[in-house]
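Engineer: Listed in order, the protein sequences are those of chains X and B.
Residue numbering for the first sequence is 0 to 395, as defined by numbering that gives the first Met the number 0.
Residue numbering for the second sequence is 0 to 395, as defined by numbering that gives the first Met the number 0.
Keep in mind that the hints were calculated from the coordinates and are not lab data.
C-beta atoms are modelled at their ideal positions from N, C-alpha and C, and glycine is treated no differently.
Some hints could be false.
What the hints assert, rightly or not - Stretch by stretch, here's where chain B covers chain X in the computed footprint (C-beta under 8 Å, at least three residues):
#1 57-66
#2 149-155
#3 209-220
#4 369-383
Claimed, not checked - Pairwise CB distance ranges, derived in the manner of DEER restraints:
#5 115/B / 2/X: 14 to 20 Å
#6 12/B / 183/X: 36 to 42 Å
#7 12/B / 10/X: 31 to 37 Å
Number of protein chains: 2
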Amino acid sequence: MEYIFSDKLASMKPSAIREIFKSLSDPTIISFAAGNPSPLSFPSEEMARIAADIFANNATMALQYGTTEGYAPLIEAVNARLADRFSISGDDDQTIITSGGQQGIELACKALCNEGDAVICENPTFIGALNAFRSNGAATIGVPLCDDGIDTKKLEETISSTPNAKLLYVIPTFHNPAGITSTAENRKKVYEIAKKHGLIILEDNPYGELRFAGEDVPTIKSIDTEGIVLYCSSFSKILSAGMRVGFIRGPREIIQKMVIAKQVEDVHTNMLFQMLCHRFMTECDLDAHIAGIRKLYGAKCALMLECLDREMPDFVSFTRPEGGLFIWCTLPDDLDAAEFVRRALEKKVAVVPGATFNADPAAPSKSFRLNYSMPSDEDIVKGIKALGEVAREMAK
Amino acid sequence: MEYIFSDKLASMKPSAIREIFKSLSDPTIISFAAGNPSPLSFPSEEMARIAADIFANNATMALQYGTTEGYAPLIEAVNARLADRFSISGDDDQTIITSGGQQGIELACKALCNEGDAVICENPTFIGALNAFRSNGAATIGVPLCDDGIDTKKLEETISSTPNAKLLYVIPTFHNPAGITSTAENRKKVYEIAKKHGLIILEDNPYGELRFAGEDVPTIKSIDTEGIVLYCSSFSKILSAGMRVGFIRGPREIIQKMVIAKQVEDVHTNMLFQMLCHRFMTECDLDAHIAGIRKLYGAKCALMLECLDREMPDFVSFTRPEGGLFIWCTLPDDLDAAEFVRRALEKKVAVVPGATFNADPAAPSKSFRLNYSMPSDEDIVKGIKALGEVAREMAK
Numbered sequence: 000m001e002y003i004f005s006d007k008l009a010s011m012k013p014s015a016i017r018e019i020f021k022s023l024s025d026p027t028i029i030s031f032a033a034g035n036p037s038p039l040s041f042p043s044e045e046m047a048r049i050a051a052d053i054f055a056n057n058a059t060m061a062l063q064y065g066t067t068e069g070y071a072p073l074i075e076a077v078n079a080r081l082a083d084r085f086s087i088s089g090d091d092d093q094t095i096i097t098s099g100g101q102q103g104i105e106l107a108c109k110a111l112c113n114e115g116d117a118v119i120c121e122n123p124t125f126i127g128a129l130n131a132f133r134s135n136g137a138a139t140i141g142v143p144l145c146d147d148g149i150d151t152k153k154l155e156e157t158i159s160s161t162p163n164a165k166l167l168y169v170i171p172t173f174h175n176p177a178g179i180t181s182t183a184e185n186r187k188k189v190y191e192i193a194k195k196h197g198l199i200i201l202e203d204n205p206y207g208e209l210r211f212a213g214e215d216v217p218t219i220k221s222i223d224t225e226g227i228v229l230y231c232s233s234f235s236k237i238l239s240a241g242m243r244v245g246f247i248r249g250p251r252e253i254i255q256k257m258v259i260a261k262q263v264e265d266v267h268t269n270m271l272f273q274m275l276c277h278r279f280m281t282e283c284d285l286d287a288h289i290a291g292i293r294k295l296y297g298a299k300c301a302l303m304l305e306c307l308d309r310e311m312p313d314f315v316s317f318t319r320p321e322g323g324l325f326i327w328c329t330l331p332d333d334l335d336a337a338e339f340v341r342r343a344l345e346k347k348v349a350v351v352p353g354a355t356f357n358a359d360p361a362a363p364s365k366s367f368r369l370n371y372s373m374p375s376d377e378d379i380v381k382g383i384k385a386l387g388e389v390a391r392e393m394a395k
Numbered sequence: 000m001e002y003i004f005s006d007k008l009a010s011m012k013p014s015a016i017r018e019i020f021k022s023l024s025d026p027t028i029i030s031f032a033a034g035n036p037s038p039l040s041f042p043s044e045e046m047a048r049i050a051a052d053i054f055a056n057n058a059t060m061a062l063q064y065g066t067t068e069g070y071a072p073l074i075e076a077v078n079a080r081l082a083d084r085f086s087i088s089g090d091d092d093q094t095i096i097t098s099g100g101q102q103g104i105e106l107a108c109k110a111l112c113n114e115g116d117a118v119i120c121e122n123p124t125f126i127g128a129l130n131a132f133r134s135n136g137a138a139t140i141g142v143p144l145c146d147d148g149i150d151t152k153k154l155e156e157t158i159s160s161t162p163n164a165k166l167l168y169v170i171p172t173f174h175n176p177a178g179i180t181s182t183a184e185n186r187k188k189v190y191e192i193a194k195k196h197g198l199i200i201l202e203d204n205p206y207g208e209l210r211f212a213g214e215d216v217p218t219i220k221s222i223d224t225e226g227i228v229l230y231c232s233s234f235s236k237i238l239s240a241g242m243r244v245g246f247i248r249g250p251r252e253i254i255q256k257m258v259i260a261k262q263v264e265d266v267h268t269n270m271l272f273q274m275l276c277h278r279f280m281t282e283c284d285l286d287a288h289i290a291g292i293r294k295l296y297g298a299k300c301a302l303m304l305e306c307l308d309r310e311m312p313d314f315v316s317f318t319r320p321e322g323g324l325f326i327w328c329t330l331p332d333d334l335d336a337a338e339f340v341r342r343a344l345e346k347k348v349a350v351v352p353g354a355t356f357n358a359d360p361a362a363p364s365k366s367f368r369l370n371y372s373m374p375s376d377e378d379i380v381k382g383i384k385a386l387g388e389v390a391r392e393m394a395k
């Protein structure tokens, strides 16, 4: 039988990252391709203790249906942390628990965009977000990302020339894939532009807790006086990715539509892990735990940068992140990133080609993404050495 | 700010069931309104033991990202059970793990239906499925449900007059809300009609393991030679609803599109509970556990039917389910079900009005749904007595 698919999914293919992941089943390959947190960042002993206690004393609640909005004590703990750490509060806003940060992104698009509408985003940006927008039939329009954040001049031009734009998606802090943190000035400007044009901003901040250098920059949500910013994040990078617990906060009216959309997607998020997150946040020292992750990633990032400084020819540029999981490398105009990635894989090093993160999937890219949270120190040294060789060979 | 929502979500409201649930915070109300499994059906001690073992010996896998398709050993165990219990196998098919049965329904619609397309379903049917279709912008077209299953004559007429129908959604076994199990003849006829018209069937079977009387009827999927049936189910009614683990099986090509759609919704389903389901299925006596649930629900259903026989005036008819969670009661033409539900709530008994389950939400209903898995025996006796009084008072 010949199957006919919905227009929005018919043209979608599994992402390039997934294809690269398949090659990773070869254990001799050094992977800088992952987006995974280090397993060392999972507080598994404390989680095991709390889970055992929940099973012993509150099993029925953990195993029974819950409300779509999420486990109320967890929502309260999340709100307290958002207020405390990120200056995010506001009586007109509401927080709901999502099945990972990914779901918050997808629900926001589903609530606000019709098929044929557009989402404006940084170029490059997170592939999971791009595909969430595409799966809702929305067009993805990229605006170049500069060293201080999205190019605000081009942003304004793009909004003006995109009357059906419904959402502006940004990752201002420790950008995936670019490793950039936008400045406070850039964020204010982005907010003012969105406000002027009546555009809703979706601020994605999954790495916001992972700063290992520099000073915090206020979130866009913290300066939102008009109710135009949705803020999503998750526990994936600070407690566990596999449990799928995230959250989104924003204007109550929008969040209520997202609750309806979430209800039909998965009814609610896994109860035991919602309860576990709440217990961890209120009983354990989350700040001390996160400090440990920052130290780990700070050291790994420093090592990778040190290797890049040493091994990479000068014509390869790269970002110097102050947090998060990724370094973004860019080749000169005359070298092809797709070819670089292919040659790197021949040398048993996997990196993600930059085109993967393009709003326009057909656009070329001179860049590739490196992850430092997963590889061992030994593999970082060995792998970056190999990448340096690839760059030099290609320049010959 | 005035927010503009997507067309598909703009008109959607939280379901009537949710509103009824809010009134259930009053502990003096006897609720027959739930769709929840009994907490007695959760094997919490064995689950606690397995979870502890996973945390002790395999924490990294449980807490790290997994593949969107699901945990391979669980898929294998599900496939073995589908073949063994439901005669479902086939090399051209694939099974993926979903975040509850709900997600399988939603993904099927997302993969196959454009906005403006139609899903044909039994009338009444599961409200979660109706809302999943609506949230994808699909119209829901109901075909009356008879004692032996969907009305096949009207089904054929409806398909013929609905050229944009892309999916036929049915719950052939222990129907929610109607409690009906369709006959083998009806299923064959439904399959033949769908085949003739090139329509994909989505067979939802979340209660299929919960038979406490009568004989198994072959699933529609088991007679699918053409690759036109998607089969979804979940662990919610046999292990735990709160963990959100389900599955869907069908033609590989369709399932692959659903994988892409699932990836953008939640990346993958909670890993620890996928591993836990696999361990429970392979290490514990799942059949013995399910036999216990059947016995429990069989007794509760028998008690509720006995009370209905005794307390309800003859003009109220009701189904006599052989499994599942629900009894469907129907008033005579001159009585109004919405009024019945309102009066019942005044007497502190909550039931769900039939209109909730109508494909056309504006259509009236003479019916209401009763759940027997959650209330205590005492509450069943007391609550049905009160409902009998309501019926007699309304007939005066």
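Engineer: Could you say whether the range 14 to 20 Å given as a hint is met by the Cβ separation of residue 115/B and residue 2/X?
Structural biologist: holds (19 Å)
Engineer: May I ask you to test the hint 36 to 42 Å on the CB atoms belonging to residue 12/B and residue 183/X?
Structural biologist: holds (40 Å)
Engineer: Return holds or violated for the Cβ distance of residue 12/B and residue 10/X against the range 31 to 37 Å.
Structural biologist: holds (32 Å)
Engineer: Is the coverage entry for the region 149-155 of chain X by chain B consistent with the three-residue Cβ rule at 8 Å?
Structural biologist: Not satisfied, violated; 0 residues make the cut.
Engineer: Please check whether the region 57-66 of chain X has three or more residues whose CB lies within less than 8 Å of a CB on chain B.
Structural biologist: Holds: 8 residues of the region 57-66 of chain X have a Cβ under 8 Å from chain B.
Engineer: Taking beta carbons only, do three or more residues of the region 369-383 of chain X come closer than 8 Å to chain B?
Structural biologist: Answer violated; 0 residues pass the 8 Å Cβ test.
Engineer: Quick one: see if chain B covers the region 209-220 of chain X, three-plus residues with Cβ-Cβ under 8 Å.
Structural biologist: Our answer is that it is violated, as 0 residues pass the Cβ test (under 8 Å) against chain B, missing three.
Against the hints set out earlier in the document, violations occur for numbers 2, 3 and 4.
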